[in-house]
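**Q** The chain contents come next:
2 protein chains.
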Amino acid sequence: MKITRMHGAGGKIMQDLIKNIILKNLEITSVNGGIGLESLDDSATIPIGDKEIVFTVDGHTVKPIFFPGGDIGRLAVSGTVNDLAVMGAKPLALSLSLIIPEGFNLEDLEKIIKSINETTKEAEVAIITGDTKVSDGVDDVIISTAGVGIVDRGKAIRDCGVKEGDAIIVSGNIGEHGLAILLSREGFDFETDIKSDVAPINKLIEKVLSEGIQINAMKDPTRGGLADALNEMAEKSNIGITIFEDKLPISEEVQSLCDILGLDPLTIANEGKVVMAVKKEDAERCLEILKEHPLGKNAEIIGYATKEHKGVVMETIVGRRIVDMPIGDPIPRVC
Amino acid sequence: MKITRMHGAGGKIMQDLIKNIILKNLEITSVNGGIGLESLDDSATIPIGDKEIVFTVDGHTVKPIFFPGGDIGRLAVSGTVNDLAVMGAKPLALSLSLIIPEGFNLEDLEKIIKSINETTKEAEVAIITGDTKVSDGVDDVIISTAGVGIVDRGKAIRDCGVKEGDAIIVSGNIGEHGLAILLSREGFDFETDIKSDVAPINKLIEKVLSEGIQINAMKDPTRGGLADALNEMAEKSNIGITIFEDKLPISEEVQSLCDILGLDPLTIANEGKVVMAVKKEDAERCLEILKEHPLGKNAEIIGYATKEHKGVVMETIVGRRIVDMPIGDPIPRVC
Ligand SMILES: Nc1ncnc2c1ncn2[C@@H]1O[C@H](COP(=O)(O)OP(=O)(O)OP(=O)(O)O)[C@@H](O)[C@H]1O
Ligand SMILES: Nc1ncnc2c1ncn2[C@@H]1O[C@H](COP(=O)(O)OP(=O)(O)OP(=O)(O)O)[C@@H](O)[C@H]1O
Ligand SMILES: [Mg+2]
Ligand SMILES: [Mg+2]
Ligand SMILES: [Mg+2]
Ligand SMILES: [Mg+2]
Ligand SMILES: [Mg+2]
Ligand SMILES: [Mg+2]
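Going down the list, the protein sequences come from chains H and L.
Using the UniProt record's numbering, the first residue of the first sequence is number 1, and each one after it goes up by one.
Using the UniProt record's numbering, the first residue of the second sequence is number 1, and each one after it goes up by one.
Be a bit skeptical, because a hint or two may be false.
Said to hold, decoys possible - Restricting the straight-line Cα-Cα distance to at most 20 Å, the calculated cross-link-like pairs of lysine to aspartate or glutamate (EDC-like) are: (1) H:111 to L:16; (2) L:114 to H:38; (3) H:63 to H:235; (4) H:279 to H:324; (5) H:155 to H:107; (6) H:19 to H:189; (7) L:19 to H:107; (8) L:24 to H:124; (9) L:121 to H:38; (10) L:203 to H:27; (11) L:51 to H:50; (12) H:63 to L:27; (13) H:90 to L:27; (14) H:2 to L:16; (15) H:24 to L:16; (16) H:121 to L:38; (17) H:24 to L:38; (18) L:63 to H:140; (19) H:114 to L:38; (20) H:51 to L:139; (21) H:114 to L:27; (22) H:111 to L:108.
Please keep in mind that the hints were generated in silico from the structure rather than gathered at the bench.
Since we're looking at a predicted model, the values are computed, not measured.
Work the whole structure out from these sequences, hints included.
**A** Structure follows, in structure tokens:
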């Protein structure tokens with residue numbers, strides 16, 4: 001069998017690959033009883049004394065490397081910071097592994113490093129180690145960023161902790177990153193202002209946590225979009241999630257482009273968003289706190305967790321529909 | 001200016017790139033007063049309580065991915081484990097970032113994961129997090145492995161700690177990894193048994209440390225070979241190193257192939273070796289301990305540190321010669 005792009009698209013096919021080929025063949029997958037690989041959460045943890053080290057990684061191969069709203073450097077920092085932040089951890093340090101094509105422009109490399117620097121300052125995270133390889137076997141620069149953060153022992157927020165009655169909150173407009181990339185890659189002729197939402201959201205999450213809001217589960221809805229994140233949270237928490245279509249924060253521009261292209265905004269990647277399951281009593285206050293921050297200004301309570309069904313269900317004006325786990329990449333109807 | 005393969009070859013040109021383009025443009029490069037990026041050591045550290053978290057990364061783009069003596073999976077685990085181990089740290093966990101070409105064989109992927117698993121068992125290290133991307137912009141699978149280890153606070157072993165009089169010890173035969181790769185890549189027609197030395201050497205180093213040997217500096221002589229590692233140690237420690245040509249552990253086969261190809265074995269990469277600066281009084285005992293372990297059986301005391309000169313000098317039967325920091329890749333004279 002051959003690897004297809006679906007194996008890297010953040011849906012069901014990728015998950016099966018990870019479970020059946022990777023996880024199945026690895027025997028040492030956790031340390032000191034921490035959150036291990038088998039949890040398939042945004043990060044893993046290593047308990048040390050009264051703390052847990054939180055550890056994660058993402059590799060980035062985005063095309064084009066400079067896109068509306070950001071670039072591969074900003075993406076590499078934000079993606080990893082966000083996977084730490086959604087564990088309730090404070091991101092401390094990143095590693096920077098670069099694979100650079102022979103013949104790549106030094107000026108472009110410097111632009112990327114400067115963007116990385118700006119993003120680390122926003123997130124207040126350090127780059128403390130790295131590696132540089134040059135290859136004639138890659139088209140474009142690839143960046144893999146691992147991250148180390150810290151959380152009090154036992155306080156990591158899992159994606160499997162959704163409780164009955166929890167409010168489901170998303171921190172802002174969905175679908176922008178994936179759509180911005182798609183449009184700039186395929187060279188569509190639309191006049192659009194759609195920009196990637198790529199941003200480190202650790203400060204936003206820290207603010208919510210510092211105000212004592214009880215977050216029972218959290219995830220960044222990246223590849224696979226909100227549909228993937230909600231399905232994972234529901235399944236791992238053994239609970240159902242109901243969302244309301246009219247509560248979903250989606251810009252008009254994203255919505256109309258999705259309509260034209262036949263795409264479901266729920267399945268499109270975000271790179272500066274978080275979805276939380278928040279204790280019902282804390283939901284309104286959580287929303288207020290989010291809305292005070294520029295990165296949370298479009299936050300919405302989009303639904304609630306329930307024992308009345310499994311999986312993710314969306315209430316629409318024409319009735320209820322199941323929101324499935326995406327299979328692979330969202331493919332535009334026109335191309 | 002364009003990036004060339006020399007920028008990724010682990011010599012002077014790569015170091016200049018790292019210093020002038022990467023380090024210069026990054027503003028947050030250390031955490032809590034730990035060993036930061038500016039040290040350009042094998043790993044960085046983050047002090048937490050009475051411990052330091054040790055953090056490193058290496059990206060791997062080896063061609064071919066299966067080679068005599070190992071494969072990219074074994075390499076990815078060993079390289080990262082070794083960068084933690086040469087800090088005197090105990091490796092705890094690795095992250096596994098895969099970039100897989102579209103059309104890659106699933107069976108080959110599984111072979112690589114199984115090799116990763118075997119190597120993690122040898123090193124007793126866990127894989128706790130990862131990421132999987134599929135790209136049509138890469139020729140072959142790329143693996144970036146970051147690693148987290150732990151050391152008692154203030155006990156990390158730097159590459160800048162060489163003291164006058166220290167014995168310089170290398171743990172075994174040099175030049176095998178780079179030569180094995182070169183021969184299998186270029187399709188030379190030599191009959192050879194040369195195999196990569198790729199192996200995790202943390203257990204070997206732990207044994208030496210557990211016997212109370214005082215190691216003042218340590219490095220794994222990977223890209224750039226022993227010449228690079230010794231030059232870095234000497235320069236950063238502000239001291240000279242003298243080595244003896246007739247003490248260098250080199251197999252006959254590697255030596256004669258290097259002679260034919262016009263290569264200097266001192267500049268060829270190793271992936272299962274360590275070079276240590278050991279307190280003079282401990283040197284013989286250190287050598288004994290190393291030799292008891294299969295991975296250290298060819299260990300040798302190859303020289304000593306001195307204030308009489310700067311840089312690295314080699315005594316040969318025809319006199320002394322300077323061992324320069326390599327510029328970039330070792331290029332075979334015949335091709
Ligand atoms: N190559 C791999 N090796 C080991 N674990 C992996 C690998 N790829 C993914 N995983 C694990 O599978 C889970 C899901 O990975 P995924 O990359 O989808 O998460 P994510 O980083 O939160 O999402 P995204 O990559 O879209 O930002 C994580 O727990 C991750 O550690
Ligand atoms: N892209 C990068 N970003 C930040 N730091 C880097 C980068 N590349 C290398 N460095 C830093 O430069 C130093 C030298 O890196 P190098 O990769 O040569 O070390 P190494 O891993 O010990 O050697 P090798 O990669 O040959 O195994 C290290 O401290 C590393 O953290
Ligand atoms: Mg995530
Ligand atoms: Mg991620
Ligand atoms: Mg390296
Ligand atoms: Mg090293
Ligand atoms: Mg290394
Ligand atoms: Mg990921």
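**Q** Run every hint past the structure and note whether it holds.
**A** Verification of the hints:
1. H:111 to L:16: holds (17 Å)
2. L:114 to H:38: Judged against 20 Å, a Cα distance of about 17 Å means the pair holds.
3. H:63 to H:235: Violated - the C-alpha atoms of residue 235 of chain H and residue 63 of chain H are around 32 Å apart, more than 20 Å.
4. H:279 to H:324: violated (25 Å)
5. H:155 to H:107: Violated. Residue 155 of chain H to residue 107 of chain H sits at ~43 Å, over the 20 Å cutoff.
6. H:19 to H:189: Violated, because 40 Å separates the two Cα atoms, which is more than 20 Å.
7. L:19 to H:107: holds (15 Å)
8. L:24 to H:124: Distance of about 18 Å is within 20 Å: holds.
9. L:121 to H:38: Cα-Cα ~17 Å, so holds.
10. L:203 to H:27: Cα-Cα ~19 Å, so holds.
11. L:51 to H:50: Holds, because 12 Å separates the two Cα atoms, which is no more than 20 Å.
12. H:63 to L:27: violated (27 Å)
13. H:90 to L:27: Holds: residue 90 of chain H and residue 27 of chain L sit about 19 Å apart, inside 20 Å.
14. H:2 to L:16: It is violated: about 40 Å lies between the C-alpha atoms, which goes past 20 Å.
15. H:24 to L:16: violated (42 Å)
16. H:121 to L:38: At roughly 17 Å apart (the allowed maximum being 20 Å), residue 38 of chain L and residue 121 of chain H satisfy the hint.
17. H:24 to L:38: violated (39 Å)
18. L:63 to H:140: Satisfied, since the Cα-Cα distance of roughly 18 Å is no more than 20 Å.
19. H:114 to L:38: holds (17 Å)
20. H:51 to L:139: violated (41 Å)
21. H:114 to L:27: Answer holds: residue 114 of chain H to residue 27 of chain L is near 10 Å, not above 20 Å.
22. H:111 to L:108: Violated, at about 36 Å.
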